[in-house]
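Novice: Below, each chain spelled out in residue letters.
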Amino acid sequence: MPDKPDRNAIEVVDVSKIFGSGEGQVAALDKVSVSIRENEFFTLLGPSGCGKTTLLRLIAGFDFPTAGGILLYGQDIAPLPPFKRPVNTVFQSYALFPHMTVADNIGFGLEMLGKPKAEIKARVAEMLKLVKMEALAGRRTGQISGGQQQRVALARALAPQPKVLLLDEPLSALDYKLRKEMQIELKRLQHETGITFIFVTHDQEEALTMSDRIAVMSSGKILQVGSPWDIYDKPAERFVADFIGETNFLTAAISGAGSGKARATLKSGTTIEATVAEGFQPKDNATVVVRPEHAKLTKDKGDLSGTVENIVYFGTDTHIHVHLDSGEAFTVRQQNTRSAGCGFERGDKVGIMIGNDAAQVLRD
Amino acid sequence: MASNFSIKHQPGFTAIAATCFIVLYLPIFVLVIYAFNAASSTSEWGGFSLKWFQSAYQNTQVIDATLRSFQIGAIAAVLSTIFATMAALATTRTASYPGLTFKYAAINQPLMVPEIVTGVALLIFFSRIKIFTGYSGIGYLVAAHTAFCIPFAYLPIRARLENMDLTLERAAADLYATPWKTFRRITLPLLWPGILAGLMLAFVISLDDVVITEFVKSGGQDTLPTYMLGQIRRGITPEINAISTAFLLLSVAIVTLFFFVSRKRD
Numbered sequence: 001m002p003d004k005p006d007r008n009a010i011e012v013v014d015v016s017k018i019f020g021s022g023e024g025q026v027a028a029l030d031k032v033s034v035s036i037r038e039n040e041f042f043t044l045l046g047p048s049g050c051g052k053t054t055l056l057r058l059i060a061g062f063d064f065p066t067a068g069g070i071l072l073y074g075q076d077i078a079p080l081p082p083f084k085r086p087v088n089t090v091f092q093s094y095a096l097f098p099h100m101t102v103a104d105n106i107g108f109g110l111e112m113l114g115k116p117k118a119e120i121k122a123r124v125a126e127m128l129k130l131v132k133m134e135a136l137a138g139r140r141t142g143q144i145s146g147g148q149q150q151r152v153a154l155a156r157a158l159a160p161q162p163k164v165l166l167l168d169e170p171l172s173a174l175d176y177k178l179r180k181e182m183q184i185e186l187k188r189l190q191h192e193t194g195i196t197f198i199f200v201t202h203d204q205e206e207a208l209t210m211s212d213r214i215a216v217m218s219s220g221k222i223l224q225v226g227s228p229w230d231i232y233d234k235p236a237e238r239f240v241a242d243f244i245g246e247t248n249f250l251t252a253a254i255s256g257a258g259s260g261k262a263r264a265t266l267k268s269g270t271t272i273e274a275t276v277a278e279g280f281q282p283k284d285n286a287t288v289v290v291r292p293e294h295a296k297l298t299k300d301k302g303d304l305s306g307t308v309e310n311i312v313y314f315g316t317d318t319h320i321h322v323h324l325d326s327g328e329a330f331t332v333r334q335q336n337t338r339s340a341g342c343g344f345e346r347g348d349k350v351g352i353m354i355g356n357d358a359a360q361v362l363r364d
Numbered sequence: 001m002a003s004n005f006s007i008k009h010q011p012g013f014t015a016i017a018a019t020c021f022i023v024l025y026l027p028i029f030v031l032v033i034y035a036f037n038a039a040s041s042t043s044e045w046g047g048f049s050l051k052w053f054q055s056a057y058q059n060t061q062v063i064d065a066t067l068r069s070f071q072i073g074a075i076a077a078v079l080s081t082i083f084a085t086m087a088a089l090a091t092t093r094t095a096s097y098p099g100l101t102f103k104y105a106a107i108n109q110p111l112m113v114p115e116i117v118t119g120v121a122l123l124i125f126f127s128r129i130k131i132f133t134g135y136s137g138i139g140y141l142v143a144a145h146t147a148f149c150i151p152f153a154y155l156p157i158r159a160r161l162e163n164m165d166l167t168l169e170r171a172a173a174d175l176y177a178t179p180w181k182t183f184r185r186i187t188l189p190l191l192w193p194g195i196l197a198g199l200m201l202a203f204v205i206s207l208d209d210v211v212i213t214e215f216v217k218s219g220g221q222d223t224l225p226t227y228m229l230g231q232i233r234r235g236i237t238p239e240i241n242a243i244s245t246a247f248l249l250l251s252v253a254i255v256t257l258f259f260f261v262s263r264k265r266d
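In order, the protein sequence lines correspond to chains A and B. The numbering of the first sequence is my numbering, which starts it at 1 and goes up by one. The numbering of the second sequence is my numbering, which starts it at 1 and goes up by one.
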């Protein structure tokens, strides 16, 4: 594996993008800053309309920022047209040229760069091999399947050896199984080519499984940047915790906050240890999140107490919804075994044990 | 299951459809039949003969008018298609803005203004130019035909452009193609069926025109339709039927070609 020096491939500096004018103006991006390291698989994750695709379009050059700069290895590329940027895109619709063969599609970028014919031929052959499409080189793009089109789109964007590859929800048109395959394929390609990938998706599972780092976006802002583990286990804001996976929100009184830790006193009166989100401003009441799989249900007294409201079987595990005595809702996820049921029934009085290092205090 | 009710079969529709087809095609059928009449009447049958085709072919005025029609049609079709292509690109490769609808209307104006009005206007306009320049050649007819052919060429080209995925052009730009190269390598090849369709439609429309040509032409500048009109005033012989039949065949051939070309690669 090539080592990953902390060199930035892309730096987005205070970028704003405003559409429309006067009263109807909308800020698709609001002073966004983010650095993307060389050779990393970076994902922009968020719901539709969060600005992730707009940011990708600005990096590709299909649109220009209202304010701010976009640096590619230190050089501001924001004012350049797309054909002058060493950045290529895999489009959501693939956008393969229907009047050309698979091989001609892949060679198009190199041809436009004015590379000699022999070099183009060799590189196209190499790309066809990389995406395992040698057999279909002479086909028209309308004569191949969706998954194959996806591979051609990837090969076409990788052929000119871009400094950065942009991927705009490229897997969304594929069915579930093919999508899973392509996720692994994409990771392999990124690893083999050593090119920086910027991947846009609204699928949190896809983001968690593929990325080196994830930026979670909402309403034109980046809320948190971190490894999948950071994003899942140490969400900074309510939106992040809620968007990724399932989680429980509890109100707690915070004391002794310092060096990333604090003590949280829950409404039940129990005090637990918790990690604290970066940028947390000391205040009396804050929100604490606990993932459903980091809590345990017991028939004895726990950190929290309540009544079982509903039990939902999921195959691998069971979700038990508890109505806490404090009035809040709490879900516990319990791994299933073959031999026994979950051990609880609706209406049971139960206690909930929160694991050590399970609680995170949000900053908002 | 319920009864075999089908919206496709309703009482009386077959009869209506048959009537429509008869009204449309029977007169043409009769015209074609009498083109092969051995007698010199367009109503009394005198046996089968190709003599009227031969007579038309040997009539220098007919040949002269036909060649002129083709010449004007070809030049006007090419020119109007070029203008129409530029107009179609300009009106589709842009975000919608106030005034765009007005531009559509302006481009399609010849479809809405009565031909007789355009004819009279051009007659007056061109007569002024004639006085200033002294030129009285075929150029006036070419200019007039080009103008009224533009909307016909514009429509299929615009339709083709509107169905074209803009992402393709974006992808080309992303792959280092300059705007000109994107146009040459992506837009134009994909637009080609639309352009050919526009070209053929414009050619047929130009060939067919009577009203505007009648006003604009100078002496000795008859096109085939205006020549035929002139002949009919002097009494009809089956030669007119023969010319019409040949003309009909040509139109059908071009329209058929148009149909196949516009379906290509869809």
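Hints in this document: simulated from the structure, not taken from any laboratory. Where is the CB? At the ideal position from N, CA and C, for every residue including glycine. One or more of the hints may lead you astray.
As the list claims (entries may be wrong) - A short, non-exhaustive set of chain B residues, derived as facing chain A with CB atoms under 7 Å:
1. A74
2. P114
3. A121
4. N163
5. M164
6. L168
7. D174
8. W180
9. T187
Stated by the list, open to error - Here are the simulated DSS-like cross-link-like pairs (lysine-lysine), alpha carbons at most 30 Å apart as the crow flies:
10. K181/B x K121/A
11. K296/A x K261/A
12. K103/B x K115/A
13. K180/A x K115/A
14. K130/B x K163/A
15. K187/A x K115/A
16. K117/A x K31/A
17. K130/B x K129/A
18. K8/B x K84/A
19. K187/A x K267/A
20. K84/A x K129/A
21. K51/B x K117/A
22. K349/A x K299/A
23. K163/A x K31/A
24. K121/A x K84/A
25. K221/A x K187/A
26. K117/A x K177/A
27. K163/A x K84/A
Novice: So, for every hint listed, does it hold in this structure?
Specialist: These are the hints, each one checked on the structure:
A cut of 7 Å between beta carbons decides the hint on A74/B: the least distance to chain A is about 27 Å, and the hint is violated. Restraint check, P114/B versus chain A: the minimum CB separation of about 42 Å is more than 7 Å; hint violated. Proximity of A121/B to chain A is violated relative to the hint, the smallest CB-CB distance being about 42 Å (cut-off 7 Å). Because the smallest distance between the Cβ of N163/B and any Cβ of chain A comes to about 12 Å, over 7 Å, the interface hint for this residue is violated.
The interface hint given for M164/B is broken, as the beta carbon of that residue sits about 10 Å from the closest beta carbon of chain A, more than 7 Å. Because the closest C-beta pair between L168/B and chain A is about 5 Å apart, less than 7 Å, the hint holds. About 5 Å separates the beta-carbon of D174/B from the nearest beta-carbon of chain A, less than 7 Å, and the hint is met. Nearest Cβ of chain A to the Cβ of W180/B: about 11 Å, over the 7 Å cut. The hint is violated.
Because the beta carbon of T187/B sits about 11 Å from the nearest beta carbon in chain A, more than 7 Å, this interface hint is broken. In summary, the hint linking K181/B to K121/A is supported, as the alpha carbons are separated by about 20 Å, within the 30 Å threshold. For the given pair, K296/A sits about 22 Å from K261/A by alpha-carbon distance, which is consistent with the 30 Å threshold. Restraint check for K103/B and K115/A: not satisfied, since their Cα atoms lie roughly 42 Å apart, outside the 30 Å limit.
A C-alpha spacing of about 35 Å is found between K180/A and K115/A, which places the hinted pair above 30 Å, so the restraint is violated. Of the pairs offered as hints, the one joining K130/B and K163/A is violated, with about 64 Å between alpha carbons and a cut-off of 30 Å exceeded. Restraint check for K187/A and K115/A: the C-alpha separation of about 28 Å stays at or below 30 Å, so the hint holds. Distance check on the hinted pair: K117/A and K31/A sit about 44 Å apart at the alpha-carbon level, beyond 30 Å; violated.
A threshold of 30 Å between alpha carbons decides the hint, and for K130/B with K129/A the separation of about 69 Å lies outside it, so the pair is violated. Distance restraint check for K8/B and K84/A: the Cα-Cα separation of roughly 57 Å exceeds the 30 Å cut-off, and the hinted pair is therefore not satisfied. About 44 Å separates the Cα atoms of K187/A and K267/A, which puts this hinted pair outside 30 Å; it is violated. Restraint check for K84/A and K129/A: the C-alpha separation of about 28 Å stays at or below 30 Å, so the hint holds.
For the hint pairing K51/B with K117/A, the CA-to-CA distance comes to about 62 Å; that exceeds 30 Å, so the pair is violated. Distance restraint check for K349/A and K299/A: the Cα-Cα separation of roughly 7 Å lies within the 30 Å cut-off, and the hinted pair is therefore satisfied. The straight-line distance between the Cα atoms of K163/A and K31/A is roughly 24 Å, inside the 30 Å bound, and the hint therefore holds. Between K121/A and K84/A the CA atoms are separated by roughly 23 Å; this keeps the pair inside 30 Å, and the hint holds.
Restraint check for K221/A and K187/A: satisfied, since their Cα atoms lie roughly 27 Å apart, inside the 30 Å limit. Annotation: proposed proximity of K117/A to K177/A is violated, straight-line Cα distance about 38 Å (limit 30 Å). Proposed proximity of K163/A and K84/A is supported: the alpha carbons are some 12 Å apart, at most 30 Å.
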